[in-house]
Every structure is written in C-alpha cells, then in structure tokens.
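With these hints in hand, go ahead and build the complete structure from the sequences.
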Amino acid sequence: MTDFLELVVAKYNYWIYITLMMIGLYAIIAKNNLVKKILGMNIFQTAIILFYVSTGVKEGATIPILEHAHGPAHGAETHAIHAADYMNPLPHVLMLTAIVVGVATLGVALALALRVYRHYNTLEEDEILAQIRKK
Amino acid sequence: MKIIGLIIALTTGGFLVYAAVDFPDWADPQSPASTHVSPHYIEKTMEETSVPNIVTAVLADYRTFDTMFETTVIFSAAVACFFILRTFLREEERRERLYRHVLTGVTVRVKEGGKIPPSDDFERIDDSWIPHDLIIKTICRLLVPFIQIFALYVVAHGHHSPGGGFQGGVIFGASIIVLAMSHDLRTVLQRIGEKVVGVLCAMGVLLYAGTGALCLLLGLNFLDYSALAPVLGVGPVMARSHGILIVEIGVAIAVTTAMVWIYNNVSSRGKYDEGL
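Read top to bottom, the protein sequences are chains A and B. When you line the first sequence up against this note's numbering, it's residues 1 to 135, in that order. When you line the second sequence up against this note's numbering, it's residues 1 to 276, in that order.
Source of the hints: derived by calculation from the structure; they are not laboratory data. Small disclaimer: the values here were computed from a predicted structure and weren't measured. If a hint is listed, it holds; no wrong ones were tucked in.
Here are the computed distance ranges between Cβ atoms for each label pair: (1) B:Val37 / A:Glu67: 15 to 25 Å; (2) B:Leu6 / A:Leu112: 22 to 32 Å; (3) B:Ile8 / A:Leu112: 16 to 26 Å; (4) A:Met1 / B:Ile7: 29 to 39 Å; (5) B:Thr87 / A:Glu67: 53 to 63 Å; (6) A:Glu127 / B:Arg109: 25 to 35 Å.
Straight-line C-alpha distance at most 20 Å; calculated EDC-like pairs for lysine to aspartate or glutamate: (7) B:Lys2 / A:Glu127; (8) A:Lys11 / B:Asp22; (9) A:Lys11 / B:Asp28; (10) B:Lys2 / A:Glu125.
One side of the interface only, derived from the structure: several residues of chain B facing chain A at Cβ under 7 Å: (11) Met1; (12) Lys2; (13) Val17; (14) Ala20; (15) Asp25; (16) Ala27; (17) Ser34; (18) Ile42; (19) Ala258.
Note that CB positions come from ideal geometry on N, CA and C, so glycine has one too.
Dropping the structure here:
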C-alpha cells in the first residue's frame, strides 16, 4: 500500500497530462465539428506543454533567473552559482516558443475552417462528406 | 466513430500510464533532463553572456537557431492565413454599406455604387452593428497605452526578469486586438494598415536573420553575437548580451504583427471591411 502511494505521489503529474492528452485525442477522432477538433488539438498541445514544464521542476529550486547576478546586494556576500538552486531552464525555453507557435498555427487552422465553411456552408464533417459524395 | 475513438484514446492512455512508471519522479533533481546540458547553462550563463535570466540566454544565444526558425514559423503562419483567406474586393463589388450620422444617430443605407458625401459627420458601421458600450470603449481606450508600455517593458527587461520578445510581442499584439474588438476593425486599420503589418512582420524576421548574417560577415559563426563586439564598442561577453536584445526586438516585432495580421484576416474573413 505504501509503495503504491509513493508511486502515486511521484508520478501523478504524468497521469494528469495523459488524461488531458487523451481528452484531446478523443476530441480529434470522435467529434464531428471541425472547430471542436481544433479545440481538441489545442487541449492535446496544452498537455504536452504542461508535461515539458513539469520536467524542469527541481525540489527546493527557484525560477531560472540568477539572484544578485550583477554583484551582491548591500552587505551580502558573493555566492557561487549552483545548478541545484535553479530550475531547469531548457523546458521553459522550448515551451515559450511552442506556446506562441501554437497560437499562430491555431490561426492557420481557423483560417482553413473558415475557408471550408465558405465553400460548404457547414463545419459538420458528415455533412461535408455527404456534399463531396454527391458530386 | 465515437466507440472507436474511445477505444483508441483509452488504449493509448493505458500504454502511456504504463510507460510513465519509468519516468523520473516529480521534482527529482537527478532526472536526466536536469543533469546533462542544463547545469552548464545555469552555471556558465552569467560569465559567458552576462544575462541573469537563463531562459532568455538559452532562447536567444545557446539555442538561437531554434528560435530564429520558430520566428520564421510564426511569420509563415501569418502569411498562410493571408493567402488562405484574403479576397480583394474592388470598390464596385462591395455590397450595400451602412453609415451612421454621428450627430443624430440616423442610420443610412448606401446601395451598390452609391457614395456618401465626404464629411466627418458620417461614420461607417458594420452590418450587425449595435451601439458600442461607452464603458467598454472608454476603458479599453484608457488601458491600451498602458498595455503597450507594459509590453515594451517586458521586451526590454527580458534580460533581468521573466520576459522577452515572444511574451512582449504577444502582449503588444493583444493590445491592438483589444482595440479592434472594443472599437472596430477599421479603427485599427487606420492606425496600422495592412501593408505596414505585412512589411513589419517580415522586417522582424529579417532583423533576426540579418544580425546572424552580420556576425557571419564579421568573421565568426552565424548568430555568434560576440562578433558584434567591435561594432557595438563593448567586450565580447557584453556583445552577446546586446545581441540577444537586438534579436529579441526582432522577435517582438514579428510576433506582434503576426498576431494582428492573423486576427485581421480571420475576424474579417479576409475581406477587411468588417471585424467581429
């Protein structure tokens, strides 16, 4: 029992992201409306962003900005920089750009959906398929 | 389809949960992600680039190729939106338009080909126009300059606090989108036109790539900012710090205008006459 609880405490963050990711995947596969599919894609993306950021967390570490980097504050002594005191900056960097790129690609997805709507007058997938088959 | 989707999602989720047992524990300082290259970044950033914010240093110096092409992706996304949606209407093809006489509040419908006498008394309004809420309009007009100053602060202060080109650019773009939503699209287009947006978006990417090319011309690797030291008149370490600021400004310009460009195209369905 204690082993299982330790496992839950150590890994529960991954389970949350997997749940979120599967909600997104289900929406992409099963939803009929194109905008709902796009929203599913965004939920999927959010899960990956959260996963990456969580890999950067370190116990007892602060945000990756060096304290008193340009000389010590009044009265304080100069201290060396230890890697254990700061969180891993790499996932933050990768996700920083991924979030903005995600917004831009969301714009492209919405533009395509708008174009589809202009052509077929609907965003429901089955109705679009029916119109294509009729031709 | 719903059943198949559920089965696929549950199976994939089951495999991922099973695989997650082997992942490093939550907040483990000895995890593989925190032990290889990241200690080098944390310990050497200050002496190599003189930037306290490690995220900014890694973003725009150590992994600057990545960031340059991310900026290019954003630019390409904005251009893709433009090519997918934009339709240029000739003046005579426009449908009938609505004008509002500002002093009396009378709405005038102008048929195809009709013209309104050029005067300030009439303002063009959207088809689905409802009177703008005075509170929303006033608050947004008051807030927009402060949002923009904050955006510039976030860009300029990215070396010392959370911030940088991407964040500041998105905030600046949001301020312009707030203006478009609280007033209308034409208000924004009068202040920052379509051509200006397109040119600035390309200029942002060009500023980034141009800095890299300048480093190449000065005899070092592409985007190695220490080559800029003789141009900027500082030491090689400070030159890297200043180089980061230059490319961050390029990123900020590109991101701001990309956001505005995408919003303008999507909200007006590429016609640029009426927004949301």
